[in-house]
Amino acid sequence: MTRVPGSKGWLPYCPYYAVAGDILSQRWAALILRVLVAGPARFGEISSAIPSMTDRLLSQRLKDLEAAGLVERTLGDGRPARIHYQLTEKGVELGAVLLELNRWALKWVNPEDVEWPTSVD
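Each residue of the sequence shown is one higher than the last, beginning at 1 in full-length UniProt numbering.
No wet-lab data here; the hints were simulated from the structure.
The structure presented is a predicted model; accordingly, all values stated were derived computationally and were not measured.
Just so you know, not all the hints are guaranteed correct.
Using 35 angstroms as the maximum straight-line C-alpha spacing, the simulated DSBU-like pairs for lysine-lysine come out as follows [said to hold, decoys possible]:
no.: 1; residue 1: K63; residue 2: K107
no.: 2; residue 1: K107; residue 2: K90
no.: 3; residue 1: K90; residue 2: K63
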């Protein structure tokens, strides 16, 4: 069963949206999924793609995404064996939604109208 810790306000109206929103609202989760949409990646590759994220938080977020059934760890060939992260079937479908969201943003978001942060918290 999926717990929805931060979305209690949504539950009476749309529990499905609450679960999806809770997953995507976790800090950095959508960016990790975006990296993995391109294909399997090792921890260091994901970390390099999101340099503002600490390794500790990346590790925790990967565990969260794994627990949600969106990401799986696979053991690569060779010695030493390397762990790769990749999207599950469920993750691939969510990745398609994220790509569609990106397409929408490219069309409708004007970067000049956005107040960009000067630092990453």
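Go through the numbered hints given earlier and state which of them the structure violates, listing their numbers in rising order. none
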